[in-house]
Amino acid sequence: MTPDDIDVWVGLDVGKSAHHAHALDHDGNTLYDKPLKQDEKAIRTMLGKLSKHGRVLLVVDQPNTIGSLPLTVARNMGIAVAYLPGTAMRRTAQLLPGDTKTDRRDAHVIAWAALKLPETLRDAGPDDETLAALKLLAGHDEDLAHESTRHVNRLRSLLLQTHPAFERALKGERITRDATLALLERYGGPMGVKRAGIEDVKDWAKSNGLRAGRIIDDMFKAIGEQTVTVPGTLMAETIIPSIAHDIKTIRDRRREVGRQVEKLLEDHPLLTVLTSMPGIGVRTASNILLGIGGDIANFKSSAHLAAYAGISPVTGQSGTSIKGERPSRRGNKRLKNALWQTAFVASTKHPPSVAYYKRKREQGKHHNAAIICLARRRCDVIYSMLKNGTLYQEPALVA
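Each step along the sequence shown adds one to the number in UniProt numbering, with nothing skipped, and position 384 is 384.
Do not rely on the hints blindly, as some may be mistaken.
[To be verified] Straight line, CA to CA, 16 Å or less: simulated EDC-like cross-link-like pairs of lysine to aspartate or glutamate:
{"#": "1", "residue 1": "K333", "residue 2": "D123"}
{"#": "2", "residue 1": "K116", "residue 2": "D7"}
{"#": "3", "residue 1": "K49", "residue 2": "D25"}
{"#": "4", "residue 1": "K49", "residue 2": "D7"}
{"#": "5", "residue 1": "K116", "residue 2": "E185"}
{"#": "6", "residue 1": "K16", "residue 2": "D123"}
{"#": "7", "residue 1": "K248", "residue 2": "E173"}
{"#": "8", "residue 1": "K248", "residue 2": "E199"}
{"#": "9", "residue 1": "K171", "residue 2": "D218"}
{"#": "10", "residue 1": "K300", "residue 2": "D123"}
[Stated by the list, open to error] Label pairs and their calculated CB-CB ranges:
{"#": "11", "residue 1": "T102", "residue 2": "R330", "range": "25 to 31 Å"}
{"#": "12", "residue 1": "T72", "residue 2": "P35", "range": "18 to 24 Å"}
{"#": "13", "residue 1": "R177", "residue 2": "G98", "range": "27 to 33 Å"}
{"#": "14", "residue 1": "T87", "residue 2": "L234", "range": "49 to 55 Å"}
{"#": "15", "residue 1": "R75", "residue 2": "D4", "range": "18 to 24 Å"}
{"#": "16", "residue 1": "G48", "residue 2": "D4", "range": "19 to 25 Å"}
{"#": "17", "residue 1": "G209", "residue 2": "G364", "range": "31 to 37 Å"}
{"#": "18", "residue 1": "R330", "residue 2": "D7", "range": "28 to 34 Å"}
{"#": "19", "residue 1": "R154", "residue 2": "P35", "range": "42 to 48 Å"}
{"#": "20", "residue 1": "R329", "residue 2": "D5", "range": "30 to 36 Å"}
{"#": "21", "residue 1": "T102", "residue 2": "A355", "range": "53 to 59 Å"}
{"#": "22", "residue 1": "D4", "residue 2": "T87", "range": "23 to 29 Å"}
I should point out that these hints are in silico values taken from the structure, not numbers from a laboratory. Cβ atoms here follow ideal geometry from the backbone N, Cα and C, with glycine treated the same way.
Let's have the full structure, built from the sequences with the hints guiding it.
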């Protein structure tokens, strides 16, 4: 639906128990300006009255949580919906007279932006049950990921405070391996591990099917590098097992979420298409699908998709003194993060991507800039795959 198809623009400043609705016609005349209960009947009545003036577009400032009911009611009535991002709303407010901050003015700003600046509007989110469920799972998984990171950082902090050499022995992903967490949960920190002895620790690990021989050797080597006991070590030894247990629990919950996502998308035609590309797993595929609103037809070209994601360079030019490009700070964050993560994984494991990344680094680009360049290149391929429904194919080698 294009702006020419709309007769009434409704701005809805959403709230927990009540909203404020402001409706404008083609000429900017106010058709409606009243508070509105967070109630299906009230929303349906308001939209029904405005529908008598012609085709209606409902625009909200919050498409999730408290904005979900108005969007669902509007869709059920066959009314078009859209979303005005916060940044665009604040900038639009600066164009209008007055600087008050009220629900009534916010609703007017939303309606005015929808009427005069339709390019600022965004998709209001999925109305498909599968995509809606996927969005909830993705949000839950993101919360769990943040929680896991917080616990891992706390664990590292305790080890670094009491025994830096022991912490170094668990550098990188080592500290989050199942075997490492199991050992820390059972024995605590370096004091508990030392007290048990290397033979008992290895026997316990073997009897529990843990592949931890190298890790255990490195642990005891690190323990031997420190002879003093840092104040607070005894208390840290009692805290470490519970943190390790929490990290394991969160990891198990994330695995379950991953299985739910996979089951949810097992019949989705685009899941197989996306995961056929190196660097894209089920989680990143789900975030890409959410980022594009479940339909690549929303984008006219790969350049449009890249610009929407915020991975296209922004040109800065002023006279003859300023001319250059910089990374975009805008874009759909979910889609941008997903494309960045897949490019990062590919830059370490996929030979053509590794070669491209190295070439960009040799050209003087920093790590993040090189990854963004790779993400932009892969965006062209992803767009083509989704548009044509084809699986990924390695590029032909040039003789």
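Mind listing which of the numbered hints don't hold for this structure, in increasing order? Hint check: 5, 6, 8, 13 and 17 fail, others pass.
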